[in-house]
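As you go down the protein sequences, you meet chains D and S in turn.
In this note's numbering, each residue carries its 1-based index in the first sequence increased by 478.
In this note's numbering, each residue carries its 1-based index in the second sequence increased by 1059.
By construction, these hints were calculated from the structure, which means they are not laboratory data.
Among the hints, erroneous ones may be present.
Claimed, not checked - Computed footprint of chain S on chain D, listed as stretches where at least three residues anywhere in the stretch have a Cβ under 8 Å from a Cβ of chain S:
(1) 562-569
(2) 574-586
Said to hold, decoys possible - Here are the computed lysine-lysine pairs in the BS3-like style, where the Cα-Cα straight-line distance is at most 30 Å:
(3) S/K1104 to D/K567
(4) S/K1105 to S/K1176
(5) S/K1105 to D/K567
(6) S/K1104 to S/K1176
(7) S/K1141 to S/K1176
As the list claims (entries may be wrong) - Anything over 12 Å on all C-beta distances counts as not near chain S; from chain D, calculated:
(8) D486
(9) S525
(10) E536
(11) Y548
(12) A551
Glycine is no exception: its CB is placed at the ideal position from the N, C-alpha and C atoms.
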Amino acid sequence: MKSNQEPDQDERLRAVLREWVVDAPLAPRFQDQVWQRIARAEAPSASSFWAGLVRLVEVVLPRPRIALLYVAALLVLGVAAGSVTAQIKSRHLDATLSAHYVQSVDPYRADSSQP
Amino acid sequence: MKKGGLILLLGLLLCIAGFSGFYYLGTAPCRNMMHEAQPELAWLKKEFGLSDTAFARITALHEAYMPQCAERCRVTEQQNRKLKDLLARDSTVTPEIQTLLTERARNRAQCEAEMLKHFQEVSRAMPPEQGRRYLAWVQAQTVLRPQAMESRHKMGSGRHLMETPHM
């Protein structure tokens, strides 16, 4: 970029700047505040996480192979969770009914377990 | 975003549908059992793989046994009440209390004998292998089950008392 100022004015400005002394005191804890601002600027913000997530949904998910994998994985997860939960529920009910049977035939028994 | 969001939603919907469908199918036999008139007998049918004929026979045996069982329960309850009254009145074991305890024990013995007879009849109404399995299970759950009294006298059960330091 070409300067439009005169060369002698430029020289005078440099001379003034060399002589300039800052005698105003720094604000209390100035250095700490500067380092805190640097740390804040460098730390990954929550907004960058959401931006990443949005980018994942916008850019990565619509790719056919990724979309197919995602949908299949969630379907398998749902089916597996449903089957396991149903098995647990059935076992619990079996145990309850077997206990009811024992209690119905034996008045002295208050509890029982499965065969 | 629109296409990606739709895929995201589709995945979640399929996950929910898969869960609900398999949960519904997996618990259908249990739900059917619970709708039977006697769910515990329906469980017996399922657990021991009984045919309809065997199940009908076992249901009949069960229904014949239950009123007798209820009558014995009524007698036991009467004896318990009477014993409670006698114990509240006397602080020693009187001949009347002794007689009542004997009657009560006799009633319990008869109850257990009738129970065993019923179990044996039920087991005979089942296919032989299932009958043996039923008999072993039901006896272990009822009359042959270890009682608290027996477990008190098992070896080592009182060791912690021996180890208690004397004051």
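Hint by hint, here is what the structure shows:
1. Here's how the stretch 562-569 of chain D fares: 5 of its residues keep a CB closer than 8 Å to some CB of chain S, so the rule of at least three is met and the hint holds.
2. For the stretch 574-586 of chain D, the proposed coverage by chain S is satisfied: 10 residues have a C-beta within less than 8 Å of a C-beta in that chain, meeting the threshold of three.
3. Taking the CA atoms of S/K1104 and D/K567, the gap is near 19 Å; set against the 30 Å cutoff, the hint holds.
4. Between S/K1105 and S/K1176 the CA atoms are separated by roughly 23 Å; this keeps the pair inside 30 Å, and the hint holds.
5. About 16 Å separates the Cα atoms of S/K1105 and D/K567, which keeps this hinted pair within 30 Å; it holds.
6. Under the criterion of a C-alpha separation no larger than 30 Å, the hint pairing S/K1104 with S/K1176 is consistent with the structure, at around 20 Å.
7. At roughly 29 Å between alpha-carbon atoms, S/K1141 and S/K1176 fall within 30 Å of each other, so this suggested pair holds.
8. The claim that D/D486 lies off the interface holds: its Cβ sits roughly 60 Å from the closest Cβ of chain S, which is beyond the 12 Å cut-off.
9. The non-interface label for D/S525 is consistent with chain S: the shortest C-beta to C-beta separation is roughly 17 Å, beyond 12 Å.
10. Distance check for D/E536 against chain S: the nearest CB is about 5 Å away, which does not clear 12 Å, and the non-interface claim fails.
11. Once the 12 Å rule is applied to beta carbons, D/Y548 is inconsistent with being away from chain S; the minimum gap is 5 Å.
12. Distance check for D/A551 against chain S: the nearest CB is about 8 Å away, which does not clear 12 Å, and the non-interface claim fails.
Consistency note: the structure conflicts with the earlier hints numbered 10, 11 and 12.
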